[in-house]
Amino acid sequence: MKALLAPLLCAALLATATDAFALAGDLTEPGVALPTGYPKAAQEQVLAALNRPDCKFLKGHFINWHTTLLYAGETKALNQFLDALAKCPSVTLHVSFTTDPVPRDDGRCDWFVSHDAHANSFQVRVNLKSERLKLPELRLPVVKGPALPAKE
Amino acid sequence: MKHLLAPLFCAILLATAAQSFALIFELDRPGLALPKDFPAATRTNLLAVLQRPECKFLGGSAFNSNTHLKYGGDTSALNRFLDALTKCPGLTLSIRFYPYDESKKLDWVVDHSGNDSPENICVRVNLNSTRIKLDDLAVPDTKGPSLSGKSK
Chain A
354 MKALLAPLLC
364 AALLATATDA
374 FALAGDLTEP
384 GVALPTGYPK
394 AAQEQVLAAL
404 NRPDCKFLKG
414 HFINWHTTLL
424 YAGETKALNQ
434 FLDALAKCPS
444 VTLHVSFTTD
454 PVPRDDGRCD
464 WFVSHDAHAN
474 SFQVRVNLKS
484 ERLKLPELRL
494 PVVKGPALPA
504 KE
Chain B
1496 MKHLLAPLFC
1506 AILLATAAQS
1516 FALIFELDRP
1526 GLALPKDFPA
1536 ATRTNLLAVL
1546 QRPECKFLGG
1556 SAFNSNTHLK
1566 YGGDTSALNR
1576 FLDALTKCPG
1586 LTLSIRFYPY
1596 DESKKLDWVV
1606 DHSGNDSPEN
1616 ICVRVNLNST
1626 RIKLDDLAVP
1636 DTKGPSLSGK
1646 SK
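Top line first, the protein sequences correspond to chains A and B. Quick note: to get the working numbering, add 353 to the position in the first sequence (first position is 1). Quick note: to get the working numbering, add 1495 to the position in the second sequence (first position is 1).
This is chain A alone, in the form it adopts within the complex (with noise of 0.2 Å):
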C-alpha cells in the first residue's frame, strides 16, 4: 500500500497543478468575456456601454472569465455608464462603494467594474475618495420589484 503513496500523491498534485491553470493578461481596451451563445446584439450592446467616450479607460486586465477594468470620469458620465449596462440584455449589475485602495489604481481611477462572464453579472465599485464624483448627483439605476401577480 505503501508504495501507492508517492504516485497517489503526484497524481494529486498534478491534478491541482492542473486546475489552478489561469489564462490571464492585461487589457488595452474594454471588454469582457461573454457567456456563450450571448447574442451578437446584446454583445455590441454591452461593449458599448464599456466603451463610452465620457468614460476614461485606464486599464483592465483578466483571469480566465474574470474581467477588470479602471474608469476615470464625472458623476454624469458614470450615470450614463450605469444607466447604459443596466439596460443590457441578461446582466445583473451590483453597484457598491470603497474607500479601500483601487487596486494596480496610480490614484486616476473613479469607478471600476468587476465582471465575471459565468454568470455575466458586473460590478461597479464606486471610488469614495474620488474627488470627481459628486454622491448627491449620482443616479442608480431603479431596482424593480417582482411583478405583480396577473389579474384574474
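Since the hints were derived computationally from the structure, they do not count as laboratory data. Take these hints with a grain of salt, some might be off.
[Said to hold, decoys possible] Which residues of chain A face chain B? A few of them, derived with a C-beta cut under 10 Å, are:
#1 L387
#2 Y391
#3 P392
#4 S443
#5 V444
#6 V448
#7 F450
#8 V479
#9 L488
#10 P494
#11 V495
#12 K497
#13 G498
#14 A500
All values derive from a computational prediction rather than experimental measurement. Note that beta-carbon positions come from the ideal geometry of N, C-alpha and C, so glycine has one too.
Could you slot chain B onto chain A? The hints should help.
Just chain B, lined up with the frame of chain A:
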C-alpha cells in the same frame, strides 16, 4: 373701465388662492397616500416595510399626495429596508444621496408621490449620517431586460 379693476384683481387673487390651496400635515407614523386602485399585495408589503421596528421612524410630512418620511438606523437596518422594498411586487425603487443635516439624527428619508407615480419610491441616504457606512451599503441588484425582451 377703472372701476372694474378692483373686482377683477380680487377675482384673480381668489382664483390663485383656490388653486394653491393644499393639505399639509405631519405624520406620527409611517404611511403613504396610495390611490384606491393601488394593488393590495404591494400596499400590504410596502406598509410593512415602512414600519419595520429596526428602522426608527423620526416623523414625516404629507403635502397633498406627496409624502416625506424620515428614518434613523444603521447600515444593516437600511440594507434590510432596501432589500425588503425590492421584494414588494410592482414597486420601483430609486436610491439617491443627499447631505441632510446630521444634527436631526436622520439617516435616510423616503419620498413618494401618490399622484404622479405611486409605484415609485425613492430612498435618499443621508451623506452626513454617522451611522450609515457607504462601504457597507448593499445596493440591491439591478437586472437587465431578459433576452426575449421582457423585463425581469
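Violations among the numbered hints
Hint 1 is the one this structure does not satisfy, whereas the remaining hints hold.
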